[in-house]
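*Asks:* Use these hints to put chain B onto chain A, whose structure you have.
Each protein sequence line maps, in turn, to chains A and B.
Numbering-wise, the first sequence is residues 4 to 180 according to this note's numbering.
Numbering-wise, the second sequence is residues 232 to 908 according to this note's numbering.
No wet-lab data here; the hints were simulated from the structure.
Keep in mind that a hint or two might mislead.
[Unchecked claim] Below, computed lysine to any residue pairings styled on SDA-like, alpha-carbon distance capped at 25 angstroms:
#, chain 1, residue 1, chain 2, residue 2
1, B, Lys789, A, Arg87
2, A, Lys107, B, Trp798
3, B, Lys789, A, Ile118
4, B, Lys789, A, Gly177
5, B, Lys791, A, Asp21
6, A, Lys107, B, Asp799
7, A, Lys108, B, Val871
8, B, Lys388, B, Ile260
[As the list claims (entries may be wrong)] Computed, partial: chain B to chain A, Cβ under 8 angstroms:
#, residue
9, Trp798
10, Gly801
11, Thr803
The structure presented is a predicted model; accordingly, all values stated were derived computationally and were not measured.
Virtual Cβ for every residue (Gly too), placed ideally from N, Cα, C.
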Amino acid sequence: MSIHSKIIATKQTIIPIDVLSQEEDVVQIKEKMNKKIRHLFKGSLAIREVDAGSSNAEEQELTALANTFYDSERFGIHFVASPRHADMLMVTGPVSRNMARALKKTYEATPEPKIVVAVGDGAIDGGIFKGSYGIVGGVHEVIPVHFQIPGDPPSAKQILISLLSIIESLDRKGAKK
Amino acid sequence: MSSTLFTILLSFFSVGALLSLFWSQKKTISNLCSNLFAIAGSLTGIILGAFILVTQEVTSLIFVTGLPLFSLSLRFDMLAGYFMLIIGLIGLASSLFGMGYMRQYFKLYNIGLFGFFYNLFLLSLFLVVTASNGLYFLFVWEIMSLTSFFLVIFEHKHHDTIKAGILYFIMTHVGTMFLLAALLLLYGATHTFDFWQIRVLAGTIPDWLKDTVFVFALLGFGTKAGIIPLHIWLPKAHSAAPSHVSALMSGVMIKMGIFMLFRLFLDIFPNIPLWWGIVVLIIGACSSLLGVLYALAEHDLKRLLAYHSIENIGIILLGLGSSMIFFSLQQPVLAALAALAGLFHTLNHAVFKSLLFLGAGSVISQTGTRNLEKYGGLIKVMPYTALFFLVGAVAISGLPPLNGFASEWLTFQSLFAGVQDPRIGLRSLFLFAGGALALTGGLAAACFVKAFGITFLARPRSTESKEAKESSWMLVVPMGFLAVLCVAIGFGAGNVVAILEQVVAQFTLFRPSEIVAHEGSTVVIQNGFASMNMPILILTLIAVTSLVFLLTRWVSRKQKVVRDVTWDGGYTGLLPFMEITATAFSRSLVLIFKGLFQPTQQKKLEYIDANIRYFTKTHEINFATKNVFEVYLYQPLLAVSIMLTKKVKQIQGGNLNAYILYIFLTLIGLFFWARYF
Numbered sequence: 004m005s006i007h008s009k010i011i012a013t014k015q016t017i018i019p020i021d022v023l024s025q026e027e028d029v030v031q032i033k034e035k036m037n038k039k040i041r042h043l044f045k046g047s048l049a050i051r052e053v054d055a056g057s058s059n060a061e062e063q064e065l066t067a068l069a070n071t072f073y074d075s076e077r078f079g080i081h082f083v084a085s086p087r088h089a090d091m092l093m094v095t096g097p098v099s100r101n102m103a104r105a106l107k108k109t110y111e112a113t114p115e116p117k118i119v120v121a122v123g124d125g126a127i128d129g130g131i132f133k134g135s136y137g138i139v140g141g142v143h144e145v146i147p148v149h150f151q152i153p154g155d156p157p158s159a160k161q162i163l164i165s166l167l168s169i170i171e172s173l174d175r176k177g178a179k180k
Numbered sequence: 232m233s234s235t236l237f238t239i240l241l242s243f244f245s246v247g248a249l250l251s252l253f254w255s256q257k258k259t260i261s262n263l264c265s266n267l268f269a270i271a272g273s274l275t276g277i278i279l280g281a282f283i284l285v286t287q288e289v290t291s292l293i294f295v296t297g298l299p300l301f302s303l304s305l306r307f308d309m310l311a312g313y314f315m316l317i318i319g320l321i322g323l324a325s326s327l328f329g330m331g332y333m334r335q336y337f338k339l340y341n342i343g344l345f346g347f348f349y350n351l352f353l354l355s356l357f358l359v360v361t362a363s364n365g366l367y368f369l370f371v372w373e374i375m376s377l378t379s380f381f382l383v384i385f386e387h388k389h390h391d392t393i394k395a396g397i398l399y400f401i402m403t404h405v406g407t408m409f410l411l412a413a414l415l416l417l418y419g420a421t422h423t424f425d426f427w428q429i430r431v432l433a434g435t436i437p438d439w440l441k442d443t444v445f446v447f448a449l450l451g452f453g454t455k456a457g458i459i460p461l462h463i464w465l466p467k468a469h470s471a472a473p474s475h476v477s478a479l480m481s482g483v484m485i486k487m488g489i490f491m492l493f494r495l496f497l498d499i500f501p502n503i504p505l506w507w508g509i510v511v512l513i514i515g516a517c518s519s520l521l522g523v524l525y526a527l528a529e530h531d532l533k534r535l536l537a538y539h540s541i542e543n544i545g546i547i548l549l550g551l552g553s554s555m556i557f558f559s560l561q562q563p564v565l566a567a568l569a570a571l572a573g574l575f576h577t578l579n580h581a582v583f584k585s586l587l588f589l590g591a592g593s594v595i596s597q598t599g600t601r602n603l604e605k606y607g608g609l610i611k612v613m614p615y616t617a618l619f620f621l622v623g624a625v626a627i628s629g630l631p632p633l634n635g636f637a638s639e640w641l642t643f644q645s646l647f648a649g650v651q652d653p654r655i656g657l658r659s660l661f662l663f664a665g666g667a668l669a670l671t672g673g674l675a676a677a678c679f680v681k682a683f684g685i686t687f688l689a690r691p692r693s694t695e696s697k698e699a700k701e702s703s704w705m706l707v708v709p710m711g712f713l714a715v716l717c718v719a720i721g722f723g724a725g726n727v728v729a730i731l732e733q734v735v736a737q738f739t740l741f742r743p744s745e746i747v748a749h750e751g752s753t754v755v756i757q758n759g760f761a762s763m764n765m766p767i768l769i770l771t772l773i774a775v776t777s778l779v780f781l782l783t784r785w786v787s788r789k790q791k792v793v794r795d796v797t798w799d800g801g802y803t804g805l806l807p808f809m810e811i812t813a814t815a816f817s818r819s820l821v822l823i824f825k826g827l828f829q830p831t832q833q834k835k836l837e838y839i840d841a842n843i844r845y846f847t848k849t850h851e852i853n854f855a856t857k858n859v860f861e862v863y864l865y866q867p868l869l870a871v872s873i874m875l876t877k878k879v880k881q882i883q884g885g886n887l888n889a890y891i892l893y894i895f896l897t898l899i900g901l902f903f904w905a906r907y908f
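With the rest of the complex left out, here is chain A (with noise of 0.2 angstroms):
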């Protein structure tokens, strides 16, 4: 299947505003985050970050998740050097042209099966940037998305929630079938 099919076939996800909203604990978080991930990844999900552009506000909060309050290796959760070690793709900003082709590869490089996260409002539509000549466009004219995370940036804590509602939801679909 050529990547373009696969765009137009893949449905994307926004994560609704009341998980992102939810008023959850970061402990609370853990517990919950620890079972899935043991039980869906055998207690490591890796992650590759690829910055297509953004103002590195996404940046920032993703930095945050491994500080010491948030601390996601906890959870088992990895931010990976190479596409080829990773189970999920975080893509963050309007893709710019440059970045383009290198997105395609880096989509390509990683092995299936893959989760494609778009991380920021400006990875949703181009955001801020949105009409630019600079840009494409959002991460899904690009590869296939599968989940976006809303937000100019979303928090530490929303993408943390984020991820655990991601996680449930491949869960459910996994007990679906």
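*Replies:* This is chain B only, laid out in the frame that chain A set:
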């Protein structure tokens, strides 16, 4: 029977040489003639060699000429038969290869002349191993040197070739000078030039004379064999000659030096003093180690192979040297074992080195360059050449189960036997030699990873290697023949050892009953101190490899394999210049042996804006090594000789009056001398 076969061989080569010269206007016919007759002659050589080895009969032929002291005396014994077999095998492969390889020269050079010298060269090799009269030997030795010189300068339109040829010419004649001196000294002591009479009279030669002869012979034959530091002609001449000639020179011609060293020190001179063996052993260890180190730093494919010849000559000399030491220590069994190891390695080196040179020739004929950095990716377009080159590379690295392993194992065993000696000095010498051999083996493997990897793997680095095609069957078949020979000798190592026992047994020094080194296909050392069975080894290797293969297949049976392009970090294109180069591969090793190579590194940077030194336009690094022997040994020698000639110039000023004065003074002096003395 031997003489008949030898006459046939002689006539084949002579007819080939003359016909090739006769047809020199018709290039195709000339090429066909010279090589077909060379093939026929080589086949006769193989038959003759095998015949002598099987029947074990020694034949002497003497044709007395009108000239005093000069007689055409030939002698066919086991050692000569063994070397004839080697010459025949390599000559056969090279000649067939030459038939296809010479085509690229049709429009450029005189093929007829080449065929003439080529046939004469092969003939002279056969003559050298059978000669048993000193003067006659020097005569055929000189034919060999001269014909090979003309073969080296065949591509005479390149300036470098002529330079390499002249260097070879000078070096080989310096060697011949020493040989002449050695033979004349022997004549002075024994009043004969016949090797076998010298052998009988050897006991009467005074010790100091024997020592001088030893040094001269070592220098003379060592120059031909390419021992360090007399090796400087070898890489240059081997790389300048056409590839099948390089194969012959490296595989066979430099072995003539080895042949004569074996003959002189193990056959002709009995009761050799201990230090002879020690000197040969040290030279062997140094040659093998330095040869392989220089090969590592080289990125001209043929020069790399030539340096490996020096290395392998060193390994052969390790066998010869330890044999000489054991003989002086009255341990004939070990001496026979070491000599056997050296002779075995001679055969093996001839086979795999000519295979590698032919492989290099096949690559060069397609790409037109000898520079390793311009190759790459040739395995896809030249699969057969790559396969056969790989076989040669594995063999020369001494990896089981090929032939190089068998002979290096034997050499190791003889060195280990030396380590058991109670004298601390000798023991440490053998330890040093063993260590040198081990390091040599490892470095040789590293070097051939480089040679094979850079040449055949990755992507092409130049348009020439991108557009290369597989060579014609005439180039591929001889390589295949030699590759099969590599495997066969490895498999039948026990049988080869059995033949070599007989060869060694015919040396004066050993009694046949003392040598037992094989039981069936198993090679046994020192009554079970160590043993090796190549067929079992090979079968084990095959079994283990297939077991591991099947096991990995079974373990990963559920995994899906996806083939995809290399992950390049999202970069838009991986280009061939990003691949590791030959220089980069060997850089770390060159830096380890900094004292020997004396590497120089030059960086050249060009900035887009010289004031803001952030962005470079070009970045160039020059990494070069210094040839220590040329700089510190040969150049001072040259400077001294030039200085001396300048001194002579003061006497010989071209002034006629001064010359008349010299004549007058000499005359007066002679008068006085005649009157008073």
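*Asks:* Now tell me if each hint is right for this structure.
*Replies:* Status of the hints after comparison with the structure:
{"no.": "1", "hint": "Lys789(B) <-> Arg87(A)", "result": "holds, 19 angstroms"}
{"no.": "2", "hint": "Lys107(A) <-> Trp798(B)", "result": "holds, 12 angstroms"}
{"no.": "3", "hint": "Lys789(B) <-> Ile118(A)", "result": "holds, 22 angstroms"}
{"no.": "4", "hint": "Lys789(B) <-> Gly177(A)", "result": "holds, 21 angstroms"}
{"no.": "5", "hint": "Lys791(B) <-> Asp21(A)", "result": "violated, 40 angstroms"}
{"no.": "6", "hint": "Lys107(A) <-> Asp799(B)", "result": "holds, 13 angstroms"}
{"no.": "7", "hint": "Lys108(A) <-> Val871(B)", "result": "violated, 66 angstroms"}
{"no.": "8", "hint": "Lys388(B) <-> Ile260(B)", "result": "holds, 24 angstroms"}
{"no.": "9", "hint": "Trp798", "result": "holds, 5 angstroms"}
{"no.": "10", "hint": "Gly801", "result": "holds, 3 angstroms"}
{"no.": "11", "hint": "Thr803", "result": "holds, 6 angstroms"}
Checked against the numbered hints listed earlier, the structure breaks hints 5 and 7; every other hint is satisfied.
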